[in-house]
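*Asks:* Top line first, the protein sequences correspond to chains F and S. In terms of the numbering used here, the first sequence is residues 45 to 153. In terms of the numbering used here, the second sequence is residues -16 to 96.
In short, the hints are calculated from the structure, not lab data. All C-beta atoms, glycine included, are put in the ideal place defined by N, C-alpha and C. Mixed in with the good hints there might be a few duds.
To be verified - DSSO-like, lysine-lysine: derived pairs with alpha carbons at most 27 Å apart:
no.: 1; chain 1: S; residue 1: -8; chain 2: S; residue 2: 54
no.: 2; chain 1: S; residue 1: 27; chain 2: S; residue 2: 2
no.: 3; chain 1: F; residue 1: 140; chain 2: S; residue 2: 23
no.: 4; chain 1: S; residue 1: 54; chain 2: S; residue 2: 2
no.: 5; chain 1: S; residue 1: 54; chain 2: F; residue 2: 98
no.: 6; chain 1: F; residue 1: 140; chain 2: S; residue 2: 19
no.: 7; chain 1: S; residue 1: 5; chain 2: S; residue 2: 24
no.: 8; chain 1: F; residue 1: 98; chain 2: S; residue 2: 35
no.: 9; chain 1: S; residue 1: -8; chain 2: S; residue 2: 24
no.: 10; chain 1: S; residue 1: 5; chain 2: F; residue 2: 98
no.: 11; chain 1: S; residue 1: 23; chain 2: S; residue 2: 35
no.: 12; chain 1: S; residue 1: 27; chain 2: F; residue 2: 98
no.: 13; chain 1: S; residue 1: 35; chain 2: S; residue 2: -8
no.: 14; chain 1: F; residue 1: 140; chain 2: S; residue 2: 27
no.: 15; chain 1: S; residue 1: -8; chain 2: S; residue 2: 2
no.: 16; chain 1: S; residue 1: 23; chain 2: S; residue 2: 2
no.: 17; chain 1: F; residue 1: 98; chain 2: F; residue 2: 140
no.: 18; chain 1: S; residue 1: 54; chain 2: S; residue 2: 23
no.: 19; chain 1: S; residue 1: 23; chain 2: S; residue 2: -8
no.: 20; chain 1: S; residue 1: 5; chain 2: S; residue 2: 35
no.: 21; chain 1: S; residue 1: 2; chain 2: S; residue 2: 50
no.: 22; chain 1: S; residue 1: 5; chain 2: S; residue 2: 27
no.: 23; chain 1: F; residue 1: 98; chain 2: S; residue 2: 50
no.: 24; chain 1: F; residue 1: 98; chain 2: S; residue 2: -8
no.: 25; chain 1: S; residue 1: -8; chain 2: S; residue 2: 50
Unchecked claim - Here are some, though not all, of the chain F residues that point toward chain S, as calculated from beta-carbon distances under 10 Å:
no.: 26; residue: 79
no.: 27; residue: 85
no.: 28; residue: 88
no.: 29; residue: 109
no.: 30; residue: 113
no.: 31; residue: 117
no.: 32; residue: 120
no.: 33; residue: 122
no.: 34; residue: 126
no.: 35; residue: 128
no.: 36; residue: 132
no.: 37; residue: 142
no.: 38; residue: 144
no.: 39; residue: 145
no.: 40; residue: 148
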Amino acid sequence: GIQVEQSPPDLILQEGANSTLRCNFSDSVNNLQWFHQNPWGQLINLFYIPSGTKQNGRLSATTVATERYSLLYISSSQTTDSGVYFCAVGYSSASKIIFGSGTRLSIRP
Amino acid sequence: DTAVSQTPKYLVTQMGNDKSIKCEQNLGHDTMYWYKQDSKKFLKIMFSYNNKELIINETVPNRFSPKSPDKAHLNLHINSLELGDSAVYFCASSQGAQQETQYFGPGTRLLVL
């Protein structure tokens, strides 16, 4: 089956720093989503981004489907950005969905 | 109004018991999902229903049985609970079945003793 790898697994930054999270996938996908799981466990959809670039405030994402990766950029980090960031890919006509293992981001005040 | 809701939020039970988790979405979506998140935060899809019809059924023990009485509800029944079933179970929904933007419920934390 398709493999989804996220890097880095852990990231500790000071408030105000910028960061780039990466998601690599091993085969063609139909779509890709980025999620944030906050420290209370809630999963929030950040981007639905099968290709191209999207921006939402301090967050932006780019997916290069032909090269099988996606990047999530967080600028001017705030403590509320802490949590785990997941990418999830959808593939095949059977609506399969695979999540990566996540990047745990800790923002220090 | 909560978009995707789950009940209960916490469930503590003994091995061997049968339990149910309920999920409801008020977004008018056609597709609903159940995910399991283990203690290492790994998320895995279990089931997906589109318009009350099962479309994804991953390799999940048949002690787990989903039921969709209508497209706004997807419940999960678990028979003969085992220690390894302890996890957080998330319900989610999306407009269509082609893995569009998914909206997650708050999760149900299940602990089997």
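*Asks:* Next, verify each hint and record whether it holds.
*Replies:* Against the structure, the hints:
A threshold of 27 Å between alpha carbons decides the hint, and for residue -8 of chain S with residue 54 of chain S the separation of about 21 Å falls inside it, so the pair holds. The suggested pairing of residue 27 of chain S with residue 2 of chain S holds, with an alpha-carbon distance near 20 Å, which does not exceed 27 Å. Of the pairs offered as hints, the one joining residue 140 of chain F and residue 23 of chain S holds, with about 22 Å between alpha carbons and a cut-off of 27 Å not exceeded. For the given pair, residue 54 of chain S sits about 22 Å from residue 2 of chain S by alpha-carbon distance, which is consistent with the 27 Å threshold.
Restraint check for residue 54 of chain S and residue 98 of chain F: the C-alpha separation of about 31 Å exceeds 27 Å, so the hint is violated. As the CA atoms of residue 140 of chain F and residue 19 of chain S are separated by approximately 15 Å, the hinted pair is consistent with the 27 Å bound. Between the alpha carbons of residue 5 of chain S and residue 24 of chain S the distance comes to roughly 22 Å, so the proposed pair stays at or under 27 Å and holds. For the proposed pair residue 98 of chain F and residue 35 of chain S, the alpha carbon gap of about 33 Å is over 27 Å, so the pair is violated.
Proximity of residue -8 of chain S to residue 24 of chain S is assessed by CA-CA distance (about 17 Å); at most 27 Å being required, the pair is judged to hold. Proximity of residue 5 of chain S to residue 98 of chain F is assessed by CA-CA distance (about 34 Å); at most 27 Å being required, the pair is judged violated. The suggested pairing of residue 23 of chain S with residue 35 of chain S is violated, with an alpha-carbon distance near 31 Å, which exceeds 27 Å. The hinted pair formed by residue 27 of chain S and residue 98 of chain F meets the criterion: a straight-line CA distance of about 26 Å does not exceed 27 Å.
Restraint check for residue 35 of chain S and residue -8 of chain S: satisfied, since their Cα atoms lie roughly 24 Å apart, inside the 27 Å limit. Between residue 140 of chain F and residue 27 of chain S the alpha-carbon distance is near 11 Å, which keeps this suggested pair within the 27 Å criterion. Under the criterion of a C-alpha separation no larger than 27 Å, the hint pairing residue -8 of chain S with residue 2 of chain S is consistent with the structure, at around 13 Å. Among the hinted pairs, residue 23 of chain S with residue 2 of chain S is consistent with the structure: their alpha-carbon atoms are about 23 Å apart, no more than 27 Å.
Distance check on the hinted pair: residue 98 of chain F and residue 140 of chain F sit about 24 Å apart at the alpha-carbon level, within 27 Å; holds. With a C-alpha separation of about 31 Å, the suggested pairing of residue 54 of chain S with residue 23 of chain S is violated against the 27 Å cut-off. Among the hinted pairs, residue 23 of chain S with residue -8 of chain S is consistent with the structure: their alpha-carbon atoms are about 19 Å apart, no more than 27 Å. With a C-alpha separation of about 15 Å, the suggested pairing of residue 5 of chain S with residue 35 of chain S holds against the 27 Å cut-off.
Restraint check for residue 2 of chain S and residue 50 of chain S: the C-alpha separation of about 13 Å stays at or below 27 Å, so the hint holds. Taking the CA atoms of residue 5 of chain S and residue 27 of chain S, the gap is about 18 Å. The hint holds against a cut of 27 Å. Proposed proximity of residue 98 of chain F and residue 50 of chain S is contradicted: the alpha carbons are some 36 Å apart, above 27 Å. For the hint pairing residue 98 of chain F with residue -8 of chain S, the CA-to-CA distance comes to about 33 Å; that exceeds 27 Å, so the pair is violated.
Between the alpha carbons of residue -8 of chain S and residue 50 of chain S the distance comes to roughly 19 Å, so the proposed pair stays at or under 27 Å and holds. A cut of 10 Å between beta carbons decides the hint on residue 79 of chain F: the least distance to chain S is about 8 Å, and the hint holds. With 10 Å as the threshold, the beta carbon of residue 85 of chain F comes within range of chain S, its nearest partner Cβ sitting at about 5 Å, so the hint holds. Taken as an interface hint, residue 88 of chain F checks out: its beta carbon lies about 8 Å from the nearest beta carbon of chain S, inside 10 Å.
Evaluation of the residue 109 of chain F hint against chain S yields a violated restraint, the C-beta minimum of about 14 Å exceeding 10 Å. Residue-level restraint check for residue 113 of chain F is violated (minimum Cβ-Cβ distance to chain S is 18 Å; threshold 10 Å). Because the beta carbon of residue 117 of chain F sits about 19 Å from the nearest beta carbon in chain S, more than 10 Å, this interface hint is broken. The closest approach between the C-beta of residue 120 of chain F and any C-beta of chain S is roughly 25 Å, which is over the 10 Å cut-off, so the hint fails.
Below 10 Å, beta-carbon pairs count as interface contacts, and residue 122 of chain F has none with chain S, the closest being about 22 Å; its hint is therefore violated. For residue 126 of chain F, the interface hint is violated, the least distance from its beta-carbon to any beta-carbon of chain S being 14 Å, above 10 Å. Of the supplied interface hints, the one on residue 128 of chain F holds, with its beta-carbon coming within about 6 Å of a beta-carbon of chain S, less than 10 Å. This hint holds: residue 132 of chain F has a C-beta 8 Å from the nearest C-beta of chain S, less than the 10 Å allowed.
Evaluation of the residue 142 of chain F hint against chain S yields a held restraint, the C-beta minimum of about 8 Å falling below 10 Å. Of the supplied interface hints, the one on residue 144 of chain F holds, with its beta-carbon coming within about 9 Å of a beta-carbon of chain S, less than 10 Å. Given the 10 Å rule on beta carbons, the hint for residue 145 of chain F holds: about 6 Å separates it from the nearest Cβ of chain S. Given the 10 Å rule on beta carbons, the hint for residue 148 of chain F holds: about 8 Å separates it from the nearest Cβ of chain S.
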